[in-house]
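J.: Take a look at the letters that make up each chain.
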Amino acid sequence: MFEQWIQWLPGLLTGLQTSLAVTGLSLLLGLPLGLLFAFGMISRTRILRQATILIVELGRGIPLLVVLYVVYFGLPDGGIVLESFAAAVVAIAFNTGAYTSEIFRAGLLSVPRGHIEAAQSLGLNWTDEARYIVLPQALRAIVPPLMSYSVIVFQATSLGYAIALPELLNSAYQIGSVTFEFLSVFILAGLIYAALSIVVSRFVDAIHSKTAH
Amino acid sequence: MIDNQQKRTEGAAGTTDAQKAPQLQPKDIHKEFNGNTVLSDISLDVNAGEVVAFIGPSGAGKSTLLRCVNYLETPSSGDLLIDGKPTVKIASKPTRNELMNLRRQVGMVFQSFNLFPHISVLRNVALPQERVLGRSRKEAEERAMELLTRVGLGDKADARPSKCSGGQQQRIAIARALALDPEIMLFDEPTSALDPELGGEVLAVMQELAATGMTMLVVTHEMSFARRVSDRTVFMADGRIVEQGAPEQVFGAPREARTKKFLEAVLER
Amino acid sequence: MIEAIPFLLQGLGTTVIITFGSFLIGAFCAVPLALARLSDIAPLRWLATAYIEVVRGIPPIAWMLVLFYGLGRYVTLPPLLAACLALGAVSTAYLAENYRAGIQAVAGGQWEGAGALGLSKGDTFWRVIAPQGIGVALPPSASYAVGLLKDSAVASVIGVSDIAFRALTLNQQGNPGLPIFLAAGVVYMVVSVPMAVLARKADTFIRTRSAV
Chain A
1202 MFEQWIQWLP GLLTGLQTSL AVTGLSLLLG LPLGLLFAFG MISRTRILRQ
1252 ATILIVELGR GIPLLVVLYV VYFGLPDGGI VLESFAAAVV AIAFNTGAYT
1302 SEIFRAGLLS VPRGHIEAAQ SLGLNWTDEA RYIVLPQALR AIVPPLMSYS
1352 VIVFQATSLG YAIALPELLN SAYQIGSVTF EFLSVFILAG LIYAALSIVV
1402 SRFVDAIHSK TAH
Chain B
6 MIDNQQKRTE GAAGTTDAQK APQLQPKDIH KEFNGNTVLS DISLDVNAGE
56 VVAFIGPSGA GKSTLLRCVN YLETPSSGDL LIDGKPTVKI ASKPTRNELM
106 NLRRQVGMVF QSFNLFPHIS VLRNVALPQE RVLGRSRKEA EERAMELLTR
156 VGLGDKADAR PSKCSGGQQQ RIAIARALAL DPEIMLFDEP TSALDPELGG
206 EVLAVMQELA ATGMTMLVVT HEMSFARRVS DRTVFMADGR IVEQGAPEQV
256 FGAPREARTK KFLEAVLER
Chain C
35 MIEAIPFLLQ GLGTTVIITF GSFLIGAFCA VPLALARLSD IAPLRWLATA
85 YIEVVRGIPP IAWMLVLFYG LGRYVTLPPL LAACLALGAV STAYLAENYR
135 AGIQAVAGGQ WEGAGALGLS KGDTFWRVIA PQGIGVALPP SASYAVGLLK
185 DSAVASVIGV SDIAFRALTL NQQGNPGLPI FLAAGVVYMV VSVPMAVLAR
235 KADTFIRTRS AV
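Residue numbers (my numbering), protein chains in the order written: chain A, 1202 to 1414; chain B, 6 to 274; chain C, 35 to 246.
Here chain A stands alone, though its shape is the one from the complex (with noise of 0.2 Å):
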């Protein structure tokens, strides 16, 4: 078995090269999006909050399976035709978008309202407002669960089998159709997963028990 999955392995870290460009363009995109959607919730503005809060439990609401389907074979017919790799970038960091807004509209809520006075009576404008003073503090309470949603993404990868994505689970899974040892390519394939994601959950309990303290 050790020598097949040898044999395997290449194959295998080709596909891990794609799941991990997917999960770092995915968060490259969708943290960005995710802290919009967090200021547009607790925005002033009626109209602004309430769209964005319709977007995100749209987000959260569907289920990322159907939102890649919707952007891989859905799109077309709107015009816009992504490859598989590009669909799954897409859908993924407008998921991580939906999800990653409430840490950060967590975190920008656990800035205490009166440093948010104290700026204000300082006369700092909006944007060094969130700039100095929001963001930094509230920095501290969003790091440690965006790590650990990082994980989360780099498994949701894995979704891009459905649509044909070269990623992990689907080169085991073309190593499995060829050899017919489906069993024995997807545990090391799902070992792999496992190893990744423990390693970084790890790393990230490491961090937050020291930040505790």
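Derived from the structure by calculation, the hints contain no laboratory data. Where is the CB? At the ideal position from N, CA and C, for every residue including glycine. Errors might be hidden in some of the hints.
Between beta-carbon pairs, the in silico distance windows are [stated by the list, open to error]:
id, chain 1, residue 1, chain 2, residue 2, range
1, C, Gln207, A, Leu1310, 43 to 49 Å
2, C, Thr242, A, Gln1218, 46 to 52 Å
3, C, Ala236, A, Val1400, 32 to 38 Å
Mind docking chains B and C on chain A? Use the hints.
T.: Chains B and C alone, transformed into the frame defined by chain A:
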């Protein structure tokens, strides 16, 4: 500032030179929260260099009035004049620029200090200068150091606010507000969160500030401070000004029964 | 398009079966797993921890493929059963962690107190600890159930005829994808949003009750 000092010696309870408009005039300030009237048509003339103390039972609207003066609360109606000119065209709808201008002239000190915990004491005082007044970092930090020294905390410059006592934090907060060269300073129960001893440090700094001729509006529970330092004491209850005058008069010979009752209750403790 | 809606809605039952089925599996199996996780017997604790970590570390869709294709050589599971077992295994791991938090939230003195009264370990757990811990464990478990509903869409990749699968089928039959998939999304939301609201209500209810 020097001619302000002059005026202080004249005794302040309202004797103004006729040519000059009062420095600060809240006019018919009205504030409602969900249909409850918190301030009903408050008008007040505050002259440059005057120290006005606001006393009264909790819920009287003192803090709300102070917060309306720099628009942390938006009044439901009324006008806010500085040097005779309205600061906000439509009282209930301030524009961003109007707020910036107003807050540049009015500094505020809070009951809960509200120092920014993630930056050093020095940066707390310097950052707003850099962002609001556009001072260079060097210039701002020099000014910050000067003010911290003035409130007796030059040695705390590099510490985090959390490493300072409450009294020290409040003095830093005063330095932070002063660093923006405000013309008027608001103090919202600056010593209520402090032990009497630490509160004393803060009151000393405030008294010194008053002596330099700063216009100050102070909401306080410290009757002796109001009596000793203020030029005018304003007694508020139920969202109205019940009585105002020189502290000797308000404390010594209150005209209104409501004032008498309050002072008896407070001074008995 | 309109005639596609009933076809789509017929998948709702399957989606609900997967969600409830796998949640029930998880809710039961998580009890011994959580106890093993807190056991005094080290190997038992390690095994339980390993199960929880590994299972949560592998995406649900991978479990789906493992059970359906991976085991396909030895046993052929009906897709619906494979889907329930796969998500059931995953929810066991997640719910066990919720239970553990609930058990640990109950003060240690409660075990001692019950022991001093001569209650058996089983009685102590079921009659003293569990009723107190449920308030902590229930809200996150309810939100997990909402997540499970969305995860159930993954069953479509092994051919379970749920909402997502039916949407895919309609699209492959030549119907325009955009409205079909959006309609499928709306169907999920119609179920998940009330579930989420209920979960939140239960949370605040339990919080206010235990605060008194």
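J.: Decide, hint by hint, whether the structure agrees.
T.: Outcome of the hint check:
no., hint, in the structure
1, C/Gln207 - A/Leu1310: 43 to 49 Å, "47 Å, holds"
2, C/Thr242 - A/Gln1218: 46 to 52 Å, "50 Å, holds"
3, C/Ala236 - A/Val1400: 32 to 38 Å, "35 Å, holds"
Figure legend: structure checked against the earlier numbered hints; every hint is met.
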